[in-house]
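Peer 1: One line per chain: the protein sequences are G and X, in this order.
Residues in the first sequence are numbered from 14 upward in steps of one, following the numbering used here.
Residues in the second sequence are numbered from 4 upward in steps of one, following the numbering used here.
Rather than coming from a laboratory, the hints here were simulated on the basis of the structure.
There's no promise every hint is true.
[What the hints assert, rightly or not] What follows is a list of derived Cβ distance ranges for each label pair:
no., chain 1, residue 1, chain 2, residue 2, range
1, X, H13, G, S93, 34 to 40 Å
2, X, A4, G, K66, 26 to 32 Å
3, G, D67, X, N44, 30 to 36 Å
4, X, N44, G, G53, 16 to 22 Å
5, X, P117, G, T18, 33 to 39 Å
6, G, S80, X, G65, 25 to 31 Å
7, X, M86, G, D86, 23 to 29 Å
8, X, I63, G, T33, 42 to 48 Å
9, G, K66, X, P82, 30 to 36 Å
10, G, T18, X, P43, 17 to 23 Å
11, X, Y42, G, S20, 16 to 22 Å
12, X, S15, G, D51, 36 to 42 Å
13, X, G11, G, E27, 36 to 42 Å
[Claimed, not checked] One side of the interface only, derived from the structure: several residues of chain X facing chain G at Cβ under 10 Å:
no., residue
14, G19
15, Q45
16, L47
17, Q48
18, K52
19, A95
20, F107
21, E109
Virtual Cβ for every residue (Gly too), placed ideally from N, Cα, C.
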Amino acid sequence: DAGITQSPRHKVTETGTPVTLRCHQTENHRYMYWYRQDPGHGLRLIHYSYGVKDTDKGEVSDGYSVSRSKTEDFLLTLESATSSQTSVYFCAISAPEMAQSSYNSPLHFGNGTRLTVT
Amino acid sequence: AQSVTQLGSHVSVSEGALVLLRCNYSSSVPPYLFWYVQYPNQGLQLLLKYTSAATLVKGINGFEAEFKKSETSFHLTKPSAHMSDAAEYFCAVSSETSGSRLTFGEGTQLTVNP
Chain G
14 DAGITQSPRH KVTETGTPVT LRCHQTENHR YMYWYRQDPG HGLRLIHYSY GVKDTDKGEV
74 SDGYSVSRSK TEDFLLTLES ATSSQTSVYF CAISAPEMAQ SSYNSPLHFG NGTRLTVT
Chain X
4 AQSVTQLGSH VSVSEGALVL LRCNYSSSVP PYLFWYVQYP NQGLQLLLKY TSAATLVKGI
64 NGFEAEFKKS ETSFHLTKPS AHMSDAAEYF CAVSSETSGS RLTFGEGTQL TVNP
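Just chain G, same shape as in the assembly (with noise of 0.2 Å):
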């Protein structure tokens, strides 16, 4: 799984509450990114970051924040969680810089956060 954990890997939590995800990984890479998967949806880009403090929104952003003090690290957090969010968080790595090009440089993914939100 390309050194990528992603942790919880399940949580139920209550409307309100603030959650915090967690990708970590071991491939020193520079590009980090966090999707949500409906049903229906595919996957939905929420926030991306290209280094160190360096982040931006995706897509879906709203009621999302996220930070990443190291490069190890990609943390995403609900605000206040509502049932809309209830879905299955994955995070992704990729290092354009050493593909051919680099706006083609493949992502690996974690194996997933599945959210409850109740």
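Model the placement of chain X on the given structure of chain G, informed by the hints.
Peer 2: The following block gives chain X in isolation, referenced to the frame of chain G:
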């Protein structure tokens, strides 16, 4: 903007039959295209990618895909399905304007019947 459409959320084939999973893309600039596979309770794994070097791309597990610019398609095929091919398959697109961020299709669940 870029997007991907996967035709058919569910495809069912018999073991040994041809597998054809359809993907059409939309991109205002030359695309880079990918197919990923997801087995139950796992993350996505790269099957193959198109990077403009060759229009017919061979991937792992006997899969291949052909880039057809005139049809804006990147369909995934395998001549003979195995039971182990049962999984969900995702087509994805990136481009020089999107950088390394991929846009995924909705996925196609492949069932292989004995």
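Peer 1: Hint by hint, which ones does the structure fall short of?
Peer 2: Violated: hints 6, 7, 8, 9, 12, 14.
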